Structures are given as C-alpha cells and as structure tokens.
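Enquirer: Sequence:
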Amino acid sequence: MLNDILSPIPDHIVQSASELHPGALGKRLHLHLEVEGIPDLENIRIALVGIQEDRGSKFNRGSAEGPDAIRPYLYQLFFGHWGFEVADLGNIYRGETLEDSVAAVRIVVEELRRSDVIPVLIGGSQDLTYAAYRAYDKLEQTVNLVSIDNRFDLGQHQETFNSGNYLSHIVLNKPYNLFNYSNLGYQTYFIPPEEIDLMERMHFETHRIGKLRADMSEVEPVVRDADLVSFDMGAIRQGDSPACNHVSPNGFSGEEACIISRYSGLSDKVSCFGIFEFNPSQDIHGMSAHLMAQMIWYFIEGVQQRRGDYPFASKKEYTKFTVLIDEGDLELIFYKSPLSERWWIEVPIQQAQHMRHALIPCNAKDYELALDGHIPDRWWKAQQKSV
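In the working numbering, each number is its position in the sequence shown, counted from 1, plus 60.
Derived by calculation from the structure, the hints in this document are not laboratory data.
Computed from a prediction, not measured in an experiment: that's the story for all the values here.
Glycine residues also receive a C-beta, built at the ideal position from the N, C-alpha and C atoms.
Fair warning: there could be bad hints in the mix.
[Said to hold, decoys possible] For each label pair, taking beta carbons as the anchor points, the in silico distance ranges come out as:
1) Gly97 / His217: 38 to 44 Å
2) Ser277 / Leu232: 16 to 22 Å
3) Gln444 / Lys380: 22 to 28 Å
4) Ile344 / Lys380: 51 to 57 Å
[What the hints assert, rightly or not] Listed below are the simulated BS3-like cross-link pairs for lysine-lysine, each with C-alpha atoms no more than 27 Å apart in a straight line:
5) Lys425 / Lys441
6) Lys380 / Lys329
7) Lys375 / Lys329
8) Lys375 / Lys271
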C-alpha cells in the first residue's frame, strides 16, 4: 500500500547526496528511489516521511514545499553512533482533496507503527497532526499528544478544518482517544482568555514560554509521557527561524528547539514525531531549513539513547517512595528508575482503558514538593481525567 502513497525522493536531491562524505546521512540513509522502490522496513527503526500538503494552512501557505527544501541540509549531517537503521521514504502524494491527504498520512503512520517503525513527519501544515493522531484509532488505546506551539490551535470547530482549529477536531471528533494534551511554549498574548480557562477545565497541561525557558528540564517529563509529538516551527523565535508566516520575535531558541527534539527522542513512549509549518519561501540563507534538519538529527540521537524505562520496564524494578499528605489522608507513591534516575508518580486509575497512564512521569522537584505537603499539579490533573 505504501507504494501507492509515497513518491520517491527527487533525482536532483539524490544526485547531490551521492557527492557527500561516506559518513553523511545522505549516504547512510535507506532511500526511496525511483528504480529500487521503497526500502525494506524489516531493520528500519526510524523513517522520515515528507508531507507536501498545506491546503489546511490558515496562516502559512507555502509550507507544502518544506520537505524537499530540508533534505539537502539534513543529508549533509553525519550519521551518529546509532545502533539502528534510518530510512527516508520520500513524500506522501498530494491528494485530490485535503481529506485525501489526511487519509494518506493516517495510513502511512498506521502502517509504520504496525512495522514498529517510528515515523518522523516533515510537514506541511500542522493540521496534519490530526491525521497522525487518527492513526492510533485501531490500537484501541488512549493517546497523549504534546504540541510545541505558541498557540493552542483550538479555533472554532464549526469552521472548515484547518491548522488553526485542528485540536478542537481531535478533542470533539469520535472516536474519543485523547487522554491528555500538553502544550509547550504558548504565549499568553496570542491566546483568548477563554481558551486558557477551557484548558484548565479540561485538565490539560499548558506551559508558558517564559516558565519553560527558565528551566528547560521541565520539558522532559512532559514529552516522556507523549505518544505523539507535534512541533510548530512558529514556536521558535524569528531571529533563529524566520521561515514561517506566523513566527514571533519571542519563542524558543534554536538550541532549545533541539533540546526539546532530543527529549522527545529519549522518551520510550513517543512513537511518532512531526515538525510542521516550515515555509521555505520565507527562509533566509537556509537558516530554518538547517535548524529543522538539526532538530531531526537530535530526535534520532535521542532515540539511540533510550533506556527502556516504563512502560517497557516493570515498576517492580524501581525504587519506591511513599509520601503521606494531609496527616496521612492522601498517599502519594513515587518510583525512581535505577537505570536513568528518572521519576514517576502513581495515579489511582478506575477505568480500564486508562491503565497505561497509571504511572505518569515527573521529576525530583515533584517529589520534594510532596515532601513539603503539596500535591504535584501533574498528579492532580491526571487523577481528575482518570475518574
């Protein structure tokens, strides 16, 4: 089925890659070529997939040209000390309609996950996150979505589906598979106050840009709990990445964007990673293309450094800490991994479909907060969603 959906990498990009250093990604990736076809996925751990679709873009037409503009910069980077193979499967054919493209993205992500391959989606506009999310429908499990964005993209659900309201379609459209949504890097002056209030009522996690930039380690537990990570290039400040029509003078730095990408790769739970809204017509000296290539590199580097922690390791292997709050009326149970020294907190789950969220990632600060008698915010919100 993938042969009918994916187009090979353009010849001029393949030709340029042939002249690179033997250790460069362009010489080490398994490429989807015109004659050879799609590479065998049996030994592939990560697959790059371009999406040349921006008809759902509300602010950023031109992002459909992003995938092929990024490849020359990505191919120049060197293959790391990675103990697995990486493929570039080319681009998803643009459908006759946006709905056709959404269906194609869903099929590709679903097929790759069935083959235990992690898709790295290169957009295209961010509304395609919805397509990747729908690929989890057949897994019959609830999903955690993390979006790195200066806006929530809730918009108006009754409007035509677009990059400004795709999140409302995720929340409101059946089947209802979303367990948690987390936003990293929102900027308050871009958000209607009622949307911030709505996020609080739904017990979703939202993290302001200023708070995160003061301590980027706070990003790690959030993305560690994600199944799907969606990165809007508009969340990066204009001085570091100009190639987006809704970019802002404020935002994450290029270095911080790479930190988030690496944290996403490190998560044993993340099974799909997408970067969207790169518009090459707005780029300056290839600055954004180069940054996006490095973000992809750091994600792959993170996957290499995965430790096989929860949910792949049993909590029985972890050190258990019990904290009593309110004179013993509430018992909080923490676990610490001896492999990575990362922390989790146990949430009492009452519904069977939410059992995979019984342990949620946290950090040592949350444990110290509990010792002082305070309930960690992540525990409280997860507990509210699970009742």
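Enquirer: Decide, hint by hint, whether the structure agrees.
Expert: Comparing the hints with the structure gives:
{"no.": "1", "hint": "Gly97 / His217: 38 to 44 Å", "result": "holds (41 Å)"}
{"no.": "2", "hint": "Ser277 / Leu232: 16 to 22 Å", "result": "violated (34 Å)"}
{"no.": "3", "hint": "Gln444 / Lys380: 22 to 28 Å", "result": "holds (24 Å)"}
{"no.": "4", "hint": "Ile344 / Lys380: 51 to 57 Å", "result": "holds (52 Å)"}
{"no.": "5", "hint": "Lys425 / Lys441", "result": "holds (17 Å)"}
{"no.": "6", "hint": "Lys380 / Lys329", "result": "holds (21 Å)"}
{"no.": "7", "hint": "Lys375 / Lys329", "result": "holds (15 Å)"}
{"no.": "8", "hint": "Lys375 / Lys271", "result": "violated (31 Å)"}
Hints 2, 8 from the earlier list are contradicted by this structure; the remaining hints agree with it.
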